[in-house]
Amino acid sequence: MSVLSESIREKIRALFPNYPNKRAVTLPALHLVHDEMRQVSIEAIREIAQLLELHPSEVHDTMTFYNFFKDEKHPLGKHRVWVCRSIACALRGGEELLAHACEKLHVGPGETTKDGRITLEFAECLGACEGAPCVLVDDNCHMNITPESFDELSRTL
Amino acid sequence: MPAFEPVLLARVNKPNSAALEGYKADGGYETLKKALGMSPGEVTDLVKNSGLRGRGGAGFPTGLKWTFLPKDHPGPVYLAINADESEPGTFNNRILMEYDPHQLIEGIAIACYAIKSNRAYLYLRYEYGKSYRVLEKAIKECYEAGILGDVLGSGFKLDIVLHRGAGAYICGEETGLIESLEGKRAWPRIKPPFPAIEGLFRKPTIVNNVETLCCVTHIVNRGIDWFKSIGIPADPNNPRDPGSYGPKLYTVAGHVNNPGCWELPMGVTARELIDVHAGGVWKGRKAKAVVPGGISMGFLSADELDTKLDFAGPGKVGCLGLGTAAVIVVDDQTSMVDVVYNCCRFFSHESCGQCTPCREGTAWMTKILERIRAGHGRLEDLDLLMEVASSMGIIPGTTICGLSDGAAWPVKNALTKFRPEFEEYIKLGRKSVDPVHYAH
Numbered sequence: 003m004s005v006l007s008e009s010i011r012e013k014i015r016a017l018f019p020n021y022p023n024k025r026a027v028t029l030p031a032l033h034l035v036h037d038e039m040r041q042v043s044i045e046a047i048r049e050i051a052q053l054l055e056l057h058p059s060e061v062h063d064t065m066t067f068y069n070f071f072k073d074e075k076h077p078l079g080k081h082r083v084w085v086c087r088s089i090a091c092a093l094r095g096g097e098e099l100l101a102h103a104c105e106k107l108h109v110g111p112g113e114t115t116k117d118g119r120i121t122l123e124f125a126e127c128l129g130a131c132e133g134a135p136c137v138l139v140d141d142n143c144h145m146n147i148t149p150e151s152f153d154e155l156s157r158t159l
Numbered sequence: 042m043p044a045f046e047p048v049l050l051a052r053v054n055k056p057n058s059a060a061l062e063g064y065k066a067d068g069g070y071e072t073l074k075k076a077l078g079m080s081p082g083e084v085t086d087l088v089k090n091s092g093l094r095g096r097g098g099a100g101f102p103t104g105l106k107w108t109f110l111p112k113d114h115p116g117p118v119y120l121a122i123n124a125d126e127s128e129p130g131t132f133n134n135r136i137l138m139e140y141d142p143h144q145l146i147e148g149i150a151i152a153c154y155a156i157k158s159n160r161a162y163l164y165l166r167y168e169y170g171k172s173y174r175v176l177e178k179a180i181k182e183c184y185e186a187g188i189l190g191d192v193l194g195s196g197f198k199l200d201i202v203l204h205r206g207a208g209a210y211i212c213g214e215e216t217g218l219i220e221s222l223e224g225k226r227a228w229p230r231i232k233p234p235f236p237a238i239e240g241l242f243r244k245p246t247i248v249n250n251v252e253t254l255c256c257v258t259h260i261v262n263r264g265i266d267w268f269k270s271i272g273i274p275a276d277p278n279n280p281r282d283p284g285s286y287g288p289k290l291y292t293v294a295g296h297v298n299n300p301g302c303w304e305l306p307m308g309v310t311a312r313e314l315i316d317v318h319a320g321g322v323w324k325g326r327k328a329k330a331v332v333p334g335g336i337s338m339g340f341l342s343a344d345e346l347d348t349k350l351d352f353a354g355p356g357k358v359g360c361l362g363l364g365t366a367a368v369i370v371v372d373d374q375t376s377m378v379d380v381v382y383n384c385c386r387f388f389s390h391e392s393c394g395q396c397t398p399c400r401e402g403t404a405w406m407t408k409i410l411e412r413i414r415a416g417h418g419r420l421e422d423l424d425l426l427m428e429v430a431s432s433m434g435i436i437p438g439t440t441i442c443g444l445s446d447g448a449a450w451p452v453k454n455a456l457t458k459f460r461p462e463f464e465e466y467i468k469l470g471r472k473s474v475d476p477v478h479y480a481h
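For the record, the sequence lines run as chains A and B. Residue numbering for the first sequence follows our numbering, beginning at 3 and increasing consecutively. Residue numbering for the second sequence follows our numbering, beginning at 42 and increasing consecutively.
Extracted from the complex, chain B is given alone in its bound form (with noise of 0.2 Å):
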């Protein structure tokens, strides 16, 4: 097995690591040629074959979700990259646009010739506003280079336009990005039908994460099995597994020494990454609980940390998934109830409002949490909390998006976890003097 070399972060600490020259200096876009000389199937074909999935958050296989396209469908057919990247503690497809714009354009363009889009909307949130000016130079080199328009010649052509949000979360839903590019207000669609059968301006849409569209430009450069030597393989006993395989990024945040972003095969532990990458929990502290994904996945508590982070690993120990991989650290002197109030106060802020059990939910949620902070809790706000907790999601069916069943998660998580120290702090009317008598 040979030793893991870092694909994705391979050249962000290069100078001028987001220039077109250094980019071709380095071979880049030379695997956009390679595909330009397959057929559009054979290019899907390797995608579904690798095993990608999605890095957004929902891990849906990749290649799986082009083949939904209509067969011969008249067009336009669109790609809309996901760049809203909004989950707290996520920061890696930033990383990824600040340092190497060209790798993510080079996977626009071989995905939009695999799934046949001439027409790339790139949706990013407006708060990164350096990506947005890397990537606007990124754009206009390659328009000047002939990588866009007419690419590299072949006759196939593909326009990238850059589209900024306006500071909503729920855009970061493939459909509520959807009507946001289209003018209106981020409400999301019920699915079916989902985006590829009728998307953006009802008409055949891919979404796709600005990570795993960094992925297929080295998958088609390497191949399957290059892709399938890293990672989790698929479990032989099930059948509905599709595996965990290829390079990530995880980030670490929060409690620890050293912040930051890491590539390492899928699967590595929160434990390796918080002592081995993020130099261990600050203040020579201990954690008491770990965010594995986003605060939408809930907490891994302090033994739960060799819980592997590939797509199966979280679930098993009763988070929500995988999600971004973005690992938050939350140290034994810090009290679980103030975080689930900073959660909860996210959601309830970010909810779009269309659904009644989210928009309402979400806000009663954070107002018990703001009751039990001013000292007024009673024992049955966390029997409350989790009834209206385990009433909105997709999950119990109530909604039409996921928002609160990520909104949902980290109370639900917290309340199974850590019910004592909610207990306490409600009979205390307080913070505990002596956290760290939760953190085992």
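Just chain A, with the same shape it has in the complex (with noise of 0.2 Å):
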């Protein structure tokens, strides 16, 4: 019974001639796992390694040097919400935001919530210095965030 749908393995498989070999899928490969599954399990690793024609060990050295990407272990909930904690941010703040959110969600940073509806997280730099403190959401980076504007995405989500 394979782990990977078949629409996942029709992506990746869509990658292969950007590049000059298969190995080089490997991250785009991983990331397509990882964003509809919530996690990278040992048997998605198997299947990745077969697609690529790699051995599983060679996609899991890649996929464990990067902290992105979660095992099956600790699955990410619905939603990844970074708070940076990088010095920009750190010196309006960041921290203190961070203390919120935990304190908030009930989770310490990299738990998810028990309803599984959010995966707290601390980031390094996210680039957004201009409006610290800054938090990302999934894919879209929220600026100038408050305690209160925190309170109000979460509830969003």
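No lab work stands behind these hints, which were simulated from the structure alone. From a predicted model like this one, the values you see are computed outputs, not experimental measurements. For glycine and all other residues, C-beta sits at the position ideal for the given N, C-alpha and C. Just to be clear, a hint being listed does not mean it is correct.
[As the list claims (entries may be wrong)] Partial selection, computed: residues in chain B whose CB lies under 10 Å from chain A: (1) 129; (2) 226; (3) 242; (4) 302; (5) 332; (6) 336; (7) 369; (8) 370; (9) 383; (10) 386.
[What the hints assert, rightly or not] Below, computed lysine to aspartate or glutamate pairings styled on EDC-like, alpha-carbon distance capped at 20 Å: (11) 13/A with 177/B; (12) 244/B with 200/B; (13) 472/B with 97/A; (14) 472/B with 98/A; (15) 357/B with 313/B; (16) 324/B with 373/B; (17) 171/B with 182/B; (18) 269/B with 83/B; (19) 178/B with 141/A; (20) 24/A with 223/B; (21) 408/B with 97/A.
With the hints as a guide, bring the two chains together.
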């Protein structure tokens, strides 16, 4: 029973012509799997490796280098909320915002709320320093976030 | 001397600035046409003679780097666009990509023509989702308009592949980027060989920064005299000084009233950036320390704010260099111990782990600062910090890449320029009640 859907497999194969070898599709493939399945399981790693003609340990090596990807023991919630903790945000209240977020959602950084809605993470510089402190929600960056606007934002997720 | 006229940010406030239609209406892709009418060698010479230096952090002469490609190589030759912008405080590349993607694409096309590359990989940090969507759309517009593929019907073929990263600062290092693009962990390579000889997929590769490539378009359009009329000329008494020419994007963040990004001639001072453009230090306070170009560069002290922010200026006052020209202001109510801790924690998190002095050293510096912040510091910790910081990096010759030089520099600058504050923090076991005392 295949873990990767035919649709994901097609999307991965569609990338092959862009690179001189299949190994280079490792990171895009991991993203495709991770986005849909909210994790990259050991079985998914085996199937990615098979598609890419790599050894599973090679895919696992790449996957675990990037903290971005979650394994089967720590799947992502429906939404991923990153609060920046680097210097430009920290100088404008980023650390306090992260502490507030943890308290509000009753989780520590890296953890998912009990209802599975939100995974809270700290981020290193998100490159939106003109709007510090900032928060990345899935694929959208939000600037000038206060504890109040954070509460409002998390209510909508 | 004509008044300075921004070119890089000229279009960013226009409605629909990212669309091809508007870009073409403003003369977009005419420069690419012009370049296609020259030989690749002529374009390379033009860029080389303009004195353009890379804006990614190292400031290496761009045209010169292009000439390092082996002549008559059977190919393929690749261009890798470094859009991994992750140096804390830096966001100028993001603005260029989000608001004027075609300016970048035109620069990519001209560069590829010059270096005889038919394939460009745009390595974009994952967190720049809006840039990804904007670039994806712009690239699609280019294929539909015959600007990519068979470029403007010239017979020169070019494909641009957008490739997203996965949240690792080390992918901004050119060989870390290459390893990541190849599908592996982003462990930088030992150099030589340099990417121009052996890069992506072991083929000759040029890695260029986003802002650098945007400059290429304007240099080919307006010429060498225009580019060299802006900035700080090479020191005539120093044959090794390539000068700091051209317009530069400067970002200002931290404790200012109006953080943002401005395009100015190379060599503006930190003081002018803060007071004239960024609305001054916030809350009526004074600046205690100013990062000149991303945290890897260290700190200017309060009496070094008239330092010219060109490639040579920050080095004259003990900083690592101009870096990304991302200025970050720390006010006089903030403890430098807290600031340096934040920097060390960042580098420790982002160290790829390949080299022992960096992997262990960044962790040790962070732990020592944690201990100091928790009230358990000892005066000898400051000498220990200095010793650890001085033994990591390309400069002392102990690591493969420069991440650890960047990790060490804020520590070294802080201990040299703000030592009394650190000693006070250790003696008190906490931040001083009178931090203003150290902001003379």
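Cross-check of the supplied hints:
no.: 1; hint: 129; verdict: holds (4 Å)
no.: 2; hint: 226; verdict: holds (4 Å)
no.: 3; hint: 242; verdict: holds (5 Å)
no.: 4; hint: 302; verdict: holds (7 Å)
no.: 5; hint: 332; verdict: holds (8 Å)
no.: 6; hint: 336; verdict: holds (6 Å)
no.: 7; hint: 369; verdict: holds (6 Å)
no.: 8; hint: 370; verdict: holds (8 Å)
no.: 9; hint: 383; verdict: holds (5 Å)
no.: 10; hint: 386; verdict: holds (8 Å)
no.: 11; hint: 13/A with 177/B; verdict: holds (16 Å)
no.: 12; hint: 244/B with 200/B; verdict: holds (17 Å)
no.: 13; hint: 472/B with 97/A; verdict: holds (17 Å)
no.: 14; hint: 472/B with 98/A; verdict: holds (17 Å)
no.: 15; hint: 357/B with 313/B; verdict: holds (18 Å)
no.: 16; hint: 324/B with 373/B; verdict: holds (11 Å)
no.: 17; hint: 171/B with 182/B; verdict: holds (17 Å)
no.: 18; hint: 269/B with 83/B; verdict: holds (18 Å)
no.: 19; hint: 178/B with 141/A; verdict: holds (16 Å)
no.: 20; hint: 24/A with 223/B; verdict: holds (9 Å)
no.: 21; hint: 408/B with 97/A; verdict: holds (18 Å)
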